[in-house]
Amino acid sequence: MARVLSKTTYNSLMEILLKLPFRNRVQTLRKLFSQISVDTLICIVAQECQRRMKWSHGRLTSLEAVETMYKRYIKSISMCEEPGILLKLSDEVGLTPALLARSIVERHYQRDDKSKPSKLLVSTLMKNTALIDDRDLAFETYLCLLEDDDYGSIAEVTKQSLGYEYEIRLRLELEECQVTFLHEDHLRAKGYDKTPDIKLEIPIAIDGQVINWIESKALFGDEEVHRGYLRDQLFSYWNRFGPGLVIYWFGFVEDLEKNHQNRTILIRDSLPRNMVLMEQTAL
Numbered sequence: 055m056a057r058v059l060s061k062t063t064y065n066s067l068m069e070i071l072l073k074l075p076f077r078n079r080v081q082t083l084r085k086l087f088s089q090i091s092v093d094t095l096i097c098i099v100a101q102e103c104q105r106r107m108k109w110s111h112g113r114l115t116s117l118e119a120v121e122t123m124y125k126r127y128i129k130s131i132s133m134c135e136e137p138g139i140l141l142k143l144s145d146e147v148g149l150t151p152a153l154l155a156r157s158i159v160e161r162h163y164q165r166d167d168k169s170k171p172s173k174l175l176v177s178t179l180m181k182n183t184a185l186i187d188d189r190d191l192a193f194e195t196y197l198c199l200l201e202d203d204d205y206g207s208i209a210e211v212t213k214q215s216l217g218y219e220y221e222i223r224l225r226l227e228l229e230e231c232q233v234t235f236l237h238e239d240h241l242r243a244k245g246y247d248k249t250p251d252i253k254l255e256i257p258i259a260i261d262g263q264v265i266n267w268i269e270s271k272a273l274f275g276d277e278e279v280h281r282g283y284l285r286d287q288l289f290s291y292w293n294r295f296g297p298g299l300v301i302y303w304f305g306f307v308e309d310l311e312k313n314h315q316n317r318t319i320l321i322r323d324s325l326p327r328n329m330v331l332m333e334q335t336a337l
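According to the numbering used here, the residues represented by the sequence shown are 55 to 337, in order.
No wet-lab data here; the hints were simulated from the structure. Careful, some of the hints might be misleading.
[To be verified] No more than 27 Å apart at the CA atoms, straight line, and that leaves these computed lysine-lysine pairs for DSSO-like:
#1 Lys73 <-> Lys85
#2 Lys173 <-> Lys125
#3 Lys181 <-> Lys129
#4 Lys85 <-> Lys61
#5 Lys312 <-> Lys61
[Claimed, not checked] Taking CB as the label site, the calculated pair distances span:
#6 Asp190 <-> Gly296: 56 to 64 Å
#7 Gly296 <-> Leu185: 49 to 57 Å
#8 Lys173 <-> Asp309: 37 to 45 Å
#9 Glu136 <-> Gln232: 57 to 65 Å
#10 Phe289 <-> Ser116: 36 to 44 Å
Glycine is no exception: its CB is placed at the ideal position from the N, C-alpha and C atoms.
Full structure from sequences and hints, please.
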């Protein structure tokens, strides 16, 4: 199954994705892009959702918008509608289930002077919905957290676990290939501030290019994602350690390496097995 996508395929996928509702989008895309890995589709969908929320969250959670949603929720409860009220509302307004539920919980706990409850309180309630004092709202919020793959406590724990899983996988594969390296914890202990996931103690060569470090990313690399990492991390690694390798485990858009401006940073979707190891010779 494909993980490295041409720009044409990626653009076609995104054009369709932007027209779909938040839930069940992966199932729809699987039928239309059967040649693409399911994990890759899941990752692309999640990243698009995060971008959309970044730009529209403020508008969708304004005081007026939240008040309107809250009144609709209260009316639906009073009419004894079936559970899933907030999920349906999420589809209608274009806000992910967890973010919408958080806004409704904030409104429910709004003080008499119309000031918002503390962020700590709301975060605690979102992590443990059993603490919400209204039975219906507690259940509706719980459903939203279960259905949201991109936001909320369940989604965050999943992302963190996935990232760590692939870092461990990279270390194990390097050990299997008998490559000597320091990982991020070692480097921080030595006083480095910005550190790649892997610093090779002895450089390796991949496709004729010497590599000094490796960064593991358990996501899909599109142009926006890669530009952000170049700015915030990768160029600083290049300046300090020289050429390196980025692994986007769930694939990437072709031709991303053109963004590097003569600074060599290879991009792959797995650890290459055609590595050339430098031989150590005794003096």
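Verification of the hints:
Between lysine 73 and lysine 85 the CA atoms are separated by roughly 15 Å; this keeps the pair inside 27 Å, and the hint holds. Between lysine 173 and lysine 125 the alpha-carbon distance is near 22 Å, which keeps this suggested pair within the 27 Å criterion. In summary, the hint linking lysine 181 to lysine 129 is supported, as the alpha carbons are separated by about 26 Å, within the 27 Å threshold. A hinted pair counts as satisfied when its Cα atoms are at most 27 Å apart, and lysine 85 with lysine 61 qualifies at roughly 20 Å.
With a C-alpha separation of about 13 Å, the suggested pair lysine 312 and lysine 61 falls inside the 27 Å cut-off, and the hint holds. Aspartate 190 and glycine 296 have their C-beta atoms about 59 Å apart, which keeps the hinted 56 to 64 Å range intact. The hint said 49 to 57 Å for the Cβ distance between glycine 296 and leucine 185, and at roughly 51 Å that hint holds. In this structure the hint that lysine 173 and aspartate 309 lie 37 to 45 Å apart at CB holds, the actual value being about 42 Å.
A C-beta distance of roughly 59 Å is found between glutamate 136 and glutamine 232, which places it inside the suggested range of 57 to 65 Å. At roughly 37 Å, the beta carbons of phenylalanine 289 and serine 116 sit within the given window of 36 to 44 Å.
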